[in-house]
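**Student:** Taken in sequence, the protein lines are chains A and B.
Here numbering that gives the first Met the number 0 is used: position 99 in the first sequence is 98, and no number is missing along the way.
Here numbering that gives the first Met the number 0 is used: position 16 in the second sequence is 15, and no number is missing along the way.
Just so you know, these hints were derived from the structure itself, not from any lab.
These numbers were taken from a predicted model, which means no experiment stands behind them.
Every residue, glycine too, gets a C-beta built ideally from N, C-alpha and C.
Output of the computed footprint for chain A on chain B, the stretches with three or more beta carbons under 8 Å from beta carbons of chain A: (1) 174-183; (2) 235-244; (3) 330-339.
Derived EDC-like pairs (lysine to aspartate or glutamate); straight-line CA-CA distance at most 16 Å: (4) A:LYS22 - B:GLU181; (5) B:LYS335 - A:GLU124; (6) B:LYS46 - B:GLU232.
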Amino acid sequence: MAFEFTESENQQIDRLLSCYPSKMSATLPLLHLAQKRNGWIGPDVIEAVARRLELTKIHVADVVSFYSMYHRKPVGRHVISVCRTLCCQLVGQESLSDYLRERLGLGEAMNGTDEKGHFTVEHVECLGACGMGPVAIIDGEYHEHLTVDKLAALMDQLEAS
Amino acid sequence: MAEFITFPSLAYTDRAGLDAYLELGGYRSLRKALFDMQPEQITQVVKDSGLRGRGGAGFPTGLKWTFLPKQTEKPVYLVCNADEGEPGTFKDRDILRYAPHQLIEGMVIAARAIGSKVSYVYIRGEFTEPWRAMEKAIAEAHESGFLGKNILGSGFDHELYLHPGGGAYICGEETALLNSLEGRRGEPRTKPPFPAVEGLYGCPTIVNNVETLAAVVPIVEHGAQWYVDLGTEKSPGTKLFSICGHVQKPGVYEVKMGTPFMEFFEQDCGGVLNGKALKAVIPGGSSVPMLTAEECKTLCLDYESCVEHGTMLGSGAIIVLDETVNIPHAVHNLSKFYSHESCGQCTPCREGTRWYEVVLERVLAGQGSMEDLDLLQSLGNQINFRTICALGPAAVAPVESSLAKFRSEYEALIREA
Ligand SMILES: Cc1cc2nc3c(=O)[nH]c(=O)nc-3n(C[C@H](O)[C@H](O)[C@H](O)COP(=O)(O)O)c2cc1C
Ligand code: SF4
Ligand code: FES
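Work out the full structure, taking the sequences as your base and the hints as a guide.
**Tutor:** This is how it looks when you write it as structure tokens:
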């Protein structure tokens, strides 16, 4: 089914557009809005955003490809973004990554989705919370001072819900 | 002991609301700036305070504001850089979460100084909690007449909007940030023209860091001399430092400029994690040269002392490496960061950062040669001064400084292979 903004999203978009003198400025916010519901940015989302902002599809696609927060492939039910940058690595990030790869059967891959489609794991760069490492974002929220035990418990909980 | 002097709300994690901020004396500076000062006087006090940009480059803030054209038909924009992506840096996040009203107050004061009716806070997309805190604070400020039309009855109007990033370190570079805010790829622009002349939508624009704008509040309240006296002659005032890595008490601290590093590190931060020995410190975010433990002994936390030690204060992000760290391994981690984050516009940066990553990977895998070290050493000359923005040179700093100071660790990896 093609992606369409809902009534309430359209109201949000009207408010967003009133913040800028140029429609194009709303590109990133609209992509975030779409991804929040859709999980990822496919051609249909790009088309909907382009139409709403009177931009070319190629402009929107080009923007999407530049920013790492936009998923260009479908994702699992939960997305775990692990910070891989130095400050987190110094305090134990690698053990989290090993655990995730093993639990989800990803082999050596840094990023991927488990077979059941429960979790997508990605490794991202510094999240600006370096003193609370290791850090991961799970479904949009920061989780700090992570340990394998804490992460396992969080995932069990998510899997059960 | 470090205490919060110019950012009182940071001593608490529950004082982000308007009532708490008012109890701490909030929005007094705004009244002063609106009713007792002319715009030029605001700029002057900021100039006299010696406040320098806290985003990393350390450019004098008041001076930057005077670069705006004196006469212009176009709107003037104020943009707050809340992209906070420099590895090691996590101070702006706390201002956004715990002191959002101080940022808003500082921005409205700055806006009056530069004659701006509209401002944007560009917040990195991952910062959902800081975003919510700012959103709430903006609504409160509107309700109480600190934002919007005819602020506190002064006749001054100002609207402040939040804008999300999309996950790209390069958008912290101010011209990339402006492109991103316009809805484009976050690629840095060639300068000149500088944003003050031609910035957002081609209009005169001032881009300042979160901490810079928030620091304007105490400066306006207590005056320039008070601020100057907090620090050293050349580095006035205080600065927020975020310290992480192998340190006993990581976190965000407000430090008087000129404080000896070791005093701060031992007394406030509890020294090295688990009592291990110190090996190296990166004092200003991942983009500045690292220092050996020996060099740290004479380091003071101010702009000049950092320069004297061959490094930079940068964003005030201190990364501590203990004796267990393999330096080439740590540097490789950062090289991956820069090669991933290079926007790719300039060949020296795009290819150079990639080479760093590939060659270091080879060395770590035990397949390196001594020639590889020469190659690593020489790449900097092909990157520095040949790029549009400072990301390229930033990638050089960890490699060159570590090769100069810890070359034996690289050689050991090659010899043992
Ligand atoms: C690659 C790169 C990344 C940067 N990231 C940030 C950042 O995350 N936050 C920031 O305030 N400044 C950052 N800067 C510095 C900005 O370009 C700019 O100097 C700063 O926002 C100006 O504000 P200030 O004068 O108040 O420091 C970055 C610069 C470069 C070259
Ligand atoms: S130096 Fe690197 S990040 Fe900066 S503009 Fe050039 S390619 Fe892009
Ligand atoms: S390095 Fe992980 S949050 Fe900064």
